[in-house]
Amino acid sequence: MKIFQQSFKFLALVLLVVLPTSIFAKDTKNDGGQVNTKEEVEAYILHHIQDSHDFSLFSYTNDEGERVHVGFPLPVILWTSEGLVTFMSSEFHHNDDGSVIVEKDGLKFAKIHSKIYELDKGASEVKFDEDHHATNAHRVLDFSITKSVVGILVIGLLMLFWFSKLARQYKKKQIPTGFGRVLEPLVLYVRDEIARPNIGEKHYRRFTGYLLTVFFFIWILNLAGLTPLGFNVTGQLAVTACLAIFTLIIYTASGNKDYWMHILWMPGVPVLIRPVLAVIELAGALLIKPFSLLVRLFANISAGHIVVMSLIAIMFTLKKELTPIGATGLSLVLSFFITLIEVLVAFLQAYIFTMLSALFIGMAVEEHEHH
Amino acid sequence: MDKLLNDFSPGLFVVSTILLLALIALMVKFAWKPILNSLNEREEGIQSALDAAENAKKEMENLQADNQKLLQEARLERETMLKEARGLKAKIIADAEEEAQAQASKMIAQAQAAIDSEKKAAMAELKSHVAGLSIDIAEKVVGKELSNKGSQEKLVEEMLGEATLN
Numbered sequence: 001m002k003i004f005q006q007s008f009k010f011l012a013l014v015l016l017v018v019l020p021t022s023i024f025a026k027d028t029k030n031d032g033g034q035v036n037t038k039e040e041v042e043a044y045i046l047h048h049i050q051d052s053h054d055f056s057l058f059s060y061t062n063d064e065g066e067r068v069h070v071g072f073p074l075p076v077i078l079w080t081s082e083g084l085v086t087f088m089s090s091e092f093h094h095n096d097d098g099s100v101i102v103e104k105d106g107l108k109f110a111k112i113h114s115k116i117y118e119l120d121k122g123a124s125e126v127k128f129d130e131d132h133h134a135t136n137a138h139r140v141l142d143f144s145i146t147k148s149v150v151g152i153l154v155i156g157l158l159m160l161f162w163f164s165k166l167a168r169q170y171k172k173k174q175i176p177t178g179f180g181r182v183l184e185p186l187v188l189y190v191r192d193e194i195a196r197p198n199i200g201e202k203h204y205r206r207f208t209g210y211l212l213t214v215f216f217f218i219w220i221l222n223l224a225g226l227t228p229l230g231f232n233v234t235g236q237l238a239v240t241a242c243l244a245i246f247t248l249i250i251y252t253a254s255g256n257k258d259y260w261m262h263i264l265w266m267p268g269v270p271v272l273i274r275p276v277l278a279v280i281e282l283a284g285a286l287l288i289k290p291f292s293l294l295v296r297l298f299a300n301i302s303a304g305h306i307v308v309m310s311l312i313a314i315m316f317t318l319k320k321e322l323t324p325i326g327a328t329g330l331s332l333v334l335s336f337f338i339t340l341i342e343v344l345v346a347f348l349q350a351y352i353f354t355m356l357s358a359l360f361i362g363m364a365v366e367e368h369e370h371h
Numbered sequence: 001m002d003k004l005l006n007d008f009s010p011g012l013f014v015v016s017t018i019l020l021l022a023l024i025a026l027m028v029k030f031a032w033k034p035i036l037n038s039l040n041e042r043e044e045g046i047q048s049a050l051d052a053a054e055n056a057k058k059e060m061e062n063l064q065a066d067n068q069k070l071l072q073e074a075r076l077e078r079e080t081m082l083k084e085a086r087g088l089k090a091k092i093i094a095d096a097e098e099e100a101q102a103q104a105s106k107m108i109a110q111a112q113a114a115i116d117s118e119k120k121a122a123m124a125e126l127k128s129h130v131a132g133l134s135i136d137i138a139e140k141v142v143g144k145e146l147s148n149k150g151s152q153e154k155l156v157e158e159m160l161g162e163a164t165l166n
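Sequence order for the protein chains is A and B. The numbering of the first sequence is my numbering, which starts it at 1 and goes up by one. The numbering of the second sequence is my numbering, which starts it at 1 and goes up by one.
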């Protein structure tokens, strides 16, 4: 993916100046690192939308035919059968198919499709069955500081920095200046357009903090995912599941008597139907609602990444049919407009997630008029 | 589904839960609480300022209405005062006229009485005077009667002339 490398270069150069810890890791496997066929494109895209154990900015093949990866290694923290094991991700040498074995504390580890496996006792290399499942290795609990965790940390710190600065501004003046002036209407938007109308005037204050955090967290991470840094945090099931479960816990914990009455013993319907309705309502409240939240965000963001990258890949896959210039032009035009749409989707998904969370909370704390 | 489950990383789930909990707690404490409080304060400030302006406007209107009322009252008072004064004037004039009339009629009556008494006095004096004259004439007539009849008549004429001159 030469075009990726090109676009990464500028940003990488900037980061290289700022962050002296970045390293140039050399990978001796010589396949040129080029992604030309449909299968390779597919594999590349699938690899990209997964979480990664190192923060690679770009890679290229140097004159000696060595693959050079530019980026930072990240710490790998594993809970294995023998307890905690930590090492740097650079020890895998950017290998992702399980052929590089890392030995640590008497245990052997391999990385296969961005997942770290612990080899069974006595095994020296990973064996695969026909479905490409490892037969002599098992997954370990992986608490590594992965690329997504770095993304969460960076965006979290950024949010803390921006908004605490805004908070401090209010101590001195009524109207914020500078970047705070951009942030204030967004805060007001979430409060007045999402929290207040959906939860209601009486209770919205309690939940606004959570909704604001979630909204900005998702939105900024979605936008970060569109940069060449290639974060895909909101496209990780674990992260969206975590967000959805927070919402679930909040609206389940704050549900009032009316809410539970309507779930477990629906008033106004024949008694015989009530248990049936209770099952449906319980499934809706405890499973379907959070599941819809987590899948919607995950699917939209992942799909966005896949579509943008597939459109960029047009310049390789349709090179024969459209000539290189035609394929590049088509790819540029399409990916440009899809990226614009993705910017909108980034906001939209943050809005929908926050909106639905507020709606669910609002349903739980709503005070019904008794007829 | 199998692939999705395989992609789900429990480790990342735990890490992101911890990080998100920390982020929410920190954001609420250091950002959202002060920001939302300040925003509420500001909005309340704006609201109270608007209310105050509205109140001031109402007060102003009330004042104006009061002024109008006072003016109206003053005008009414002036009118009643003028009316009263006019009435008073008419009454005074009428009273004066009446009094003058009464005075005049009293004076006329007095004058008449005086005239009457004068007239009576004059009549009485005239009577006594005429009586005296008559006696005088009679004396003189009686004195000269024998001497001259002609001169007697002449004398009576003279006496009468004298009497009228008196």
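Simulated from the structure, these hints should not be mistaken for lab results. Every residue gets a Cβ at the ideal spot worked out from N, C-alpha and C, and that includes glycine. One should not assume that every hint holds.
Unchecked claim - Here are some chain B residues pointing at chain A (derived, C-beta under 8 angstroms): (1) Leu-12; (2) Val-15; (3) Met-27; (4) Leu-39; (5) Val-130; (6) Gly-132.
Unchecked claim - Derived DSSO-like pairs: lysine-lysine, alpha-carbon spacing no greater than 30 angstroms straight-line: (7) A:Lys-38 - B:Lys-3; (8) B:Lys-29 - A:Lys-173; (9) A:Lys-115 - A:Lys-38; (10) A:Lys-202 - B:Lys-29; (11) B:Lys-106 - B:Lys-89; (12) B:Lys-33 - A:Lys-257; (13) A:Lys-320 - A:Lys-38; (14) A:Lys-127 - B:Lys-3; (15) B:Lys-69 - A:Lys-115; (16) B:Lys-69 - B:Lys-58; (17) B:Lys-3 - A:Lys-108; (18) B:Lys-57 - B:Lys-33; (19) B:Lys-29 - A:Lys-171; (20) B:Lys-57 - A:Lys-173; (21) A:Lys-121 - B:Lys-69.
Taking the hints in turn, this is what the structure says about them:
Because the beta carbon of Leu-12 (chain B) sits about 4 angstroms from the nearest beta carbon in chain A, less than 8 angstroms, this interface hint is met. For Val-15 (chain B), the interface hint holds, since its Cβ comes within 8 angstroms of a Cβ in chain A; the closest pair sits about 5 angstroms apart. The beta carbon of Met-27 (chain B) comes within 5 angstroms of a beta carbon in chain A, closer than 8 angstroms, and the hint placing it at the interface holds. The interface hint given for Leu-39 (chain B) is met, as the beta carbon of that residue sits about 7 angstroms from the closest beta carbon of chain A, less than 8 angstroms.
The interface hint given for Val-130 (chain B) is broken, as the beta carbon of that residue sits about 128 angstroms from the closest beta carbon of chain A, more than 8 angstroms. Proximity of Gly-132 (chain B) to chain A is violated relative to the hint, the smallest CB-CB distance being about 130 angstroms (cut-off 8 angstroms). Our distance criterion of 30 angstroms between C-alpha atoms is met by Lys-38 (chain A) and Lys-3 (chain B), whose separation comes to about 20 angstroms. Pair hint Lys-29 (chain B) plus Lys-173 (chain A) holds up; C-alpha atoms about 20 angstroms apart against a cutoff of 30 angstroms.
The hinted pair formed by Lys-115 (chain A) and Lys-38 (chain A) meets the criterion: a straight-line CA distance of about 24 angstroms does not exceed 30 angstroms. A C-alpha spacing of about 21 angstroms is found between Lys-202 (chain A) and Lys-29 (chain B), which places the hinted pair at or below 30 angstroms, so the restraint holds. For the suggested pair Lys-106 (chain B) and Lys-89 (chain B), the alpha carbons sit about 25 angstroms apart, so the restraint of at most 30 angstroms is met. Restraint check: the Cα-Cα separation between Lys-33 (chain B) and Lys-257 (chain A) comes to about 28 angstroms, which is no more than 30 angstroms; the hinted pair holds.
Of the pairs offered as hints, the one joining Lys-320 (chain A) and Lys-38 (chain A) holds, with about 13 angstroms between alpha carbons and a cut-off of 30 angstroms not exceeded. Only pairs whose Cα atoms come within 30 angstroms are accepted, and Lys-127 (chain A) paired with Lys-3 (chain B) is accepted, the gap being roughly 20 angstroms. Between Lys-69 (chain B) and Lys-115 (chain A) the alpha-carbon distance is near 89 angstroms, which puts this suggested pair outside the 30 angstroms criterion. A hinted pair counts as satisfied when its Cα atoms are at most 30 angstroms apart, and Lys-69 (chain B) with Lys-58 (chain B) qualifies at roughly 16 angstroms.
Restraint check for Lys-3 (chain B) and Lys-108 (chain A): the C-alpha separation of about 25 angstroms stays at or below 30 angstroms, so the hint holds. The suggested pairing of Lys-57 (chain B) with Lys-33 (chain B) is violated, with an alpha-carbon distance near 35 angstroms, which exceeds 30 angstroms. For a cut-off of 30 angstroms, the pair hint linking Lys-29 (chain B) to Lys-171 (chain A) stands: about 15 angstroms separates their Cα positions. A distance of roughly 28 angstroms separates the Cα atoms of Lys-57 (chain B) and Lys-173 (chain A); the hinted pair therefore holds under the 30 angstroms criterion.
Of the supplied pair hints, the one linking Lys-121 (chain A) and Lys-69 (chain B) is violated, its CA atoms being roughly 104 angstroms apart against a limit of 30 angstroms.
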